[in-house]
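Asker: The lines below spell out each chain.
Number of protein chains: 2
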Amino acid sequence: MLSKNQIKLIKSLSQKKFRSQHSLFTVEGVKGITEFINSTFSLNQIYTLDNIFDVDGSKVTLISDSDLKKVTQLKNPNTAIGVFEIPKSEVIDNSKLIVALDDVRDPGNLGTIIRLCDWFGVKDLVCSKATVDCFNSKVVQATMGSLTRVNISYLDLHNFLSDSKKEVFGTFMDGENIYNAELSKSGILVLGNEANGISKTIESKVTRELGIPRFGNLKATESLNVATATAICLSEFKRKTI
Amino acid sequence: MLSKNQIKLIKSLSQKKFRSQHSLFTVEGVKGITEFINSTFSLNQIYTLDNIFDVDGSKVTLISDSDLKKVTQLKNPNTAIGVFEIPKSEVIDNSKLIVALDDVRDPGNLGTIIRLCDWFGVKDLVCSKATVDCFNSKVVQATMGSLTRVNISYLDLHNFLSDSKKEVFGTFMDGENIYNAELSKSGILVLGNEANGISKTIESKVTRELGIPRFGNLKATESLNVATATAICLSEFKRKTI
Chain L
376 MLSKNQIKLI KSLSQKKFRS QHSLFTVEGV KGITEFINST FSLNQIYTLD
426 NIFDVDGSKV TLISDSDLKK VTQLKNPNTA IGVFEIPKSE VIDNSKLIVA
476 LDDVRDPGNL GTIIRLCDWF GVKDLVCSKA TVDCFNSKVV QATMGSLTRV
526 NISYLDLHNF LSDSKKEVFG TFMDGENIYN AELSKSGILV LGNEANGISK
576 TIESKVTREL GIPRFGNLKA TESLNVATAT AICLSEFKRK TI
Chain B
376 MLSKNQIKLI KSLSQKKFRS QHSLFTVEGV KGITEFINST FSLNQIYTLD
426 NIFDVDGSKV TLISDSDLKK VTQLKNPNTA IGVFEIPKSE VIDNSKLIVA
476 LDDVRDPGNL GTIIRLCDWF GVKDLVCSKA TVDCFNSKVV QATMGSLTRV
526 NISYLDLHNF LSDSKKEVFG TFMDGENIYN AELSKSGILV LGNEANGISK
576 TIESKVTREL GIPRFGNLKA TESLNVATAT AICLSEFKRK TI
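So the sequence lines, in the order shown, correspond to chains L and B. Start counting at 1 in the first sequence, then tack on 375, and there's your number in this note's numbering. Start counting at 1 in the second sequence, then tack on 375, and there's your number in this note's numbering.
FYI, nobody ran anything at the bench for these hints, they're computed from the structure. Accuracy of the hints is not assured; some may be wrong.
Copies of the same chain look alike in the list, so a pair counts if it fits in one copy or across any two.
[What the hints assert, rightly or not] Computed list of lysine-lysine pairs in BS3-like fashion (alpha-carbon distance at most 27 Å, straight line):
# : residue 1 : residue 2
1 : 386       : 450
2 : 540       : 445
3 : 575       : 444
4 : 471       : 386
5 : 406       : 575
6 : 450       : 580
7 : 615       : 560
Model the full structure from these sequences, guided by the hints.
Answerer: Structure follows, in structure tokens:
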């Protein structure tokens with residue numbers, strides 16, 4: 376049974392403002408919740424139709440189907456919703472390749488990029504402050520647990536790049552052919568916004584402009600989606616530097 | 376002004392059954408409609424708030440905002456909806472690399488894969504009959520015009536692969552490392568369903584099993600999204616064979 380205050384709290388976590396205020400976020404579905412339980416994330420509370428979770432009983436609240444419908448953000452709710460604490464970002468490891476996002480706005484794209492970082496062993500993802508929040512429920516759903524294995528920091532990207540002593544790679548339509556480019560094990564790879572690419576301010580901090588060659592005809596598609604561009608770039612960096 | 380029958384027809388095109396019956400599909404938004412007008416696709420009719428299109432006047436019907444709201448499939452409708460004829464698939468060119476999809480179900484994934492084919496100069500995309508329809512409005516929106524430049528055929532994938540004399544490449548978790556594999560300019564690259572990968576029936580027709588190495592730790596993400604896997608595979612094929 377959920378109290379009015381519990382319902383209000385859980386529902387409020389659909390908004391970034393309240394996630395920041397309470398330092399909490401939600402995960403829906405047994406599989407996702409289990410991945411977060413088995414990670415370094417701290418569980419606040421699970422609200423569930425059945426207690427099938429291997430956690431301290433005080434952390435589980437049994438609820439009814441109608442309660443679940445009141446707090447879910449999904450059209451077709453699963454059987455459980457977990458509330459977890461937002462962790463503090465860890466220190467960024469400058470000796471490895473870092474991925475940086477300049478205002479990526481689509482939750483699906485951010486989710487896919489987090490999964491790609493996990494797949495390709497990128498530990499640190501740095502996001503400009505206007506990048507979509509990684510604890511947005513659509514991002515959490517899209518990452519399939521990869522969120523528990525990638526350290527994500529939101530910061531002033533321009534300052535971060537200014538302070539870095541490493542090579543800053545960026546992707547541009549007319550950049551150096553990435554297939555022939557010499558790439559390094561460390562450095563920062565910047566990907567841009569869906570509509571505008573990398574902003575002028577951030578471009579001024581890029582030291583190596585890379586491009587993914589287009590093999591289609593002249594009338595071909597104007598640009599690659601930012602998540603597929605990330606896939607191709609990480610594939611090239613890892614292939615060449617392992 | 377739209378008649379009841381016109382409203383019924385346009386609305387019906389949100390369903391595959393009626394798209395097939397009428398051999399028509401819809402494109403929403405001025406940019407998308409213009410791309411289809413400037414392609415080999417045949418225009419049936421544009422329904423628009425303003426006639427800003429460079430086409431025969433008999434092909435344009437001015438409508439009101441409330442009419443547009445009745446026929447749109449978007450939450451925030453643009454100013455125009457175009458109805459185009461579904462073209463007959465062209466003959467498949469077996470001398471080039473062909474991409475084949477084994478039951479890809481998500482419209483966003485299919486849209487991204489069509490854009491990737493366009494970018495990487497893949498002319499032919501072959502889809503199993505259970506793959507999502509490429510004239511689904513979500514796919515049309517996601518392709519950003521690439522749909523006009525890729526020849527898409529829906530057919531019995533097992534028969535198609537059985538009849539082919541070419542190498543059939545497929546992606547598997549434990550396949551040969553794609554970075555070291557010798558790849559060819561022609562052949563068929565098969566990508567599988569989001570949840571189940573390549574089915575057993577189709578796997579029996581695969582002659583070369585490829586894998587994208589995982590660089591993360593052992594607990595890393597279980598699989599790549601099918602669209603990002605396609606991006607990495609096409610990048611490798613094109614890089615090595617141009």
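Asker: Give a verdict on every hint.
Answerer: Tested hints:
no.: 1; hint: 386 <-> 450; in the structure: both (14 Å within a copy, 23 Å between copies)
no.: 2; hint: 540 <-> 445; in the structure: neither (50 Å within a copy, 57 Å between copies)
no.: 3; hint: 575 <-> 444; in the structure: neither (45 Å within a copy, 38 Å between copies)
no.: 4; hint: 471 <-> 386; in the structure: neither (38 Å within a copy, 53 Å between copies)
no.: 5; hint: 406 <-> 575; in the structure: between (41 Å within a copy, 26 Å between copies)
no.: 6; hint: 450 <-> 580; in the structure: neither (43 Å within a copy, 39 Å between copies)
no.: 7; hint: 615 <-> 560; in the structure: both (9 Å within a copy, 22 Å between copies)
Hints 2, 3, 4 and 6 from the earlier list are contradicted by this structure; the remaining hints agree with it.
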